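All residue numbers for the sequence shown refer to my numbering, where the first residue is 1 and numbers rise by one.
Incorrect hints may appear among the rest.
Said to hold, decoys possible - No more than 30 Å apart at the CA atoms, straight line, and that leaves these computed lysine-lysine pairs for DSS-like:
hint	residue 1	residue 2
1	K239	K150
2	K161	K208
3	K236	K161
Calculated from the structure, these hints are not laboratory results. This structure is a prediction, so every number in the text was calculated from the model and none was measured.
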Amino acid sequence: MAGCKDFGTAPRRTGQSAKAENLRKQEFYPLSIIRNDNPLMGFKVVWTPGISTHPMNPGGHHRFFRVFPWIAEGWGLRIWGDCEGKCNSCFTTNVGRAFMRSASLPVPSFCIAVLCGALVPDVAQAFTTADADTIFAAHTQAFYRTEGAKGWHRKSTEGDKRADYWTRAEMLEMVLDVHARTRSPKQLEMFEELFRGFIADHGRTWEKNDFNDDIMWMVIACARAHLATKNEEYLKVAKENFDLCYKRAISPDLGGGLWWKTDNKSKNACVNGPGAIAAFLLGLATRDSSYTAKARELFLWERATLFDKKTGRVYDSIGKNGKVASFALTYNQGTFVGAANLLGYNDDAKLAALFMMNNLCKDGYLPASGENGDGGGFNGIGVRWVARYMKNSHEQATFEPWLQKNAEAAWQSRRTEDNLSWCAAPKPTPPGVRYSWGCSNAVVLLQAVPPTEPGAAPAAR
Numbered sequence: 001m002a003g004c005k006d007f008g009t010a011p012r013r014t015g016q017s018a019k020a021e022n023l024r025k026q027e028f029y030p031l032s033i034i035r036n037d038n039p040l041m042g043f044k045v046v047w048t049p050g051i052s053t054h055p056m057n058p059g060g061h062h063r064f065f066r067v068f069p070w071i072a073e074g075w076g077l078r079i080w081g082d083c084e085g086k087c088n089s090c091f092t093t094n095v096g097r098a099f100m101r102s103a104s105l106p107v108p109s110f111c112i113a114v115l116c117g118a119l120v121p122d123v124a125q126a127f128t129t130a131d132a133d134t135i136f137a138a139h140t141q142a143f144y145r146t147e148g149a150k151g152w153h154r155k156s157t158e159g160d161k162r163a164d165y166w167t168r169a170e171m172l173e174m175v176l177d178v179h180a181r182t183r184s185p186k187q188l189e190m191f192e193e194l195f196r197g198f199i200a201d202h203g204r205t206w207e208k209n210d211f212n213d214d215i216m217w218m219v220i221a222c223a224r225a226h227l228a229t230k231n232e233e234y235l236k237v238a239k240e241n242f243d244l245c246y247k248r249a250i251s252p253d254l255g256g257g258l259w260w261k262t263d264n265k266s267k268n269a270c271v272n273g274p275g276a277i278a279a280f281l282l283g284l285a286t287r288d289s290s291y292t293a294k295a296r297e298l299f300l301w302e303r304a305t306l307f308d309k310k311t312g313r314v315y316d317s318i319g320k321n322g323k324v325a326s327f328a329l330t331y332n333q334g335t336f337v338g339a340a341n342l343l344g345y346n347d348d349a350k351l352a353a354l355f356m357m358n359n360l361c362k363d364g365y366l367p368a369s370g371e372n373g374d375g376g377g378f379n380g381i382g383v384r385w386v387a388r389y390m391k392n393s394h395e396q397a398t399f400e401p402w403l404q405k406n407a408e409a410a411w412q413s414r415r416t417e418d419n420l421s422w423c424a425a426p427k428p429t430p431p432g433v434r435y436s437w438g439c440s441n442a443v444v445l446l447q448a449v450p451p452t453e454p455g456a457a458p459a460a461r
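Build out the structure end to end from the sequences listed, making use of the hints.
Below is the structure:
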């Protein structure tokens, strides 16, 4: 087991003397549990405040977690572990203590673990729609700023510098994810302010941006906003910028597809996946079949060139010289899944989603990224499209437990003083400066993934 820094510590409370006295009266027995990057593998862990004294620790220098007590047939089994990785068990009732004392042979520690496993179901902690509201409100309070009718997200909790071009576009999508879940007009008002702020900073047409993927991300945001509001300005801006980007980026080199940048050195998944989604959404909005045809063209090129049909891996890019960069990233997996699902290639969508779940995660958790770089929000993009595919294709049995595990980790790893959660869950969010892009991951996950609270409202569509 790891130390406190991997789990976080509960806030210190006063008035623990009575609990400490009760602990001194309990009998503790050795317990060994193997950990695999989880506090107690297979058991639900609930944090409790530090105890000032403890039978195993008279000095009172450690804090303790416990598997929640499960009273079954009067046994009252509890498991305690300290921050140095030592685990002990106790029975809190006379029946349980009498059993341990009357055992003719010493009871091996694994027997207690088995008993606990039988008593404590292996379920994730619940997260609710209220939690999804809270984490978005926290992000908004920390990063969202307005001036008149214009809005923007600042880059970090320190200073007034605004977020970068494409991350601003994606945080516009984050706001739309919240609206898709809540159907509240407040998010559409916020989108309008953010749209005005973006146009004020970057203009109505974006040909000055050398990155074609940057443009496609903002096209997706505007097209989604039009479909939600029927605002014709959003559609006009989306259409104009898709057209100029597609015209300069498409070429027959390497069999088709869009160049990543205007230097025409590589064709990347990060522009062709979003380009296919953008074109499909424009086809829906305009009822112009030429956009749907472009969407299919871009997807089929990516499928033929950057997709491993055996494993589901989406390759990052192919250079002008034909050399493929074969590493995979969650946001490229996600946009491939999204485009495949929209266009009806659901077998491909499932294969790519399975690769993301089984090959890009460690112990089921999405990979951590640096907060202040492009990767800070990759997982949110990936989950957005995988969750949508899951719901459209009724694949909840395959993907929902994994997605909920990651959404729960994002919620539980937040720092409680301001409810910001970074992009390295399940590690606790540290103090200090946080970044809007890195903190957007957790917001998107809690909007896109169905909550574990029974009967909760559906997540973003």
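**OP:** Decide if the proposed pair is consistent with the structure: K161 and K208, CA atoms, cutoff 30 Å inclusive.
**Re:** Since the Cα atoms of K161 and K208 sit roughly 21 Å apart, the hinted pair holds (cutoff 30 Å).
Original post:
Hey, K239 versus K150, does the alpha-carbon distance stay inside 30 Å?
Top reply: holds, 22 Å
Original post:
Taking only the CA atoms, is the gap from K236 to K161 under or equal to 30 Å?
Top reply: holds, 29 Å
In this structure, none of the earlier numbered hints is contradicted; all agree with it.
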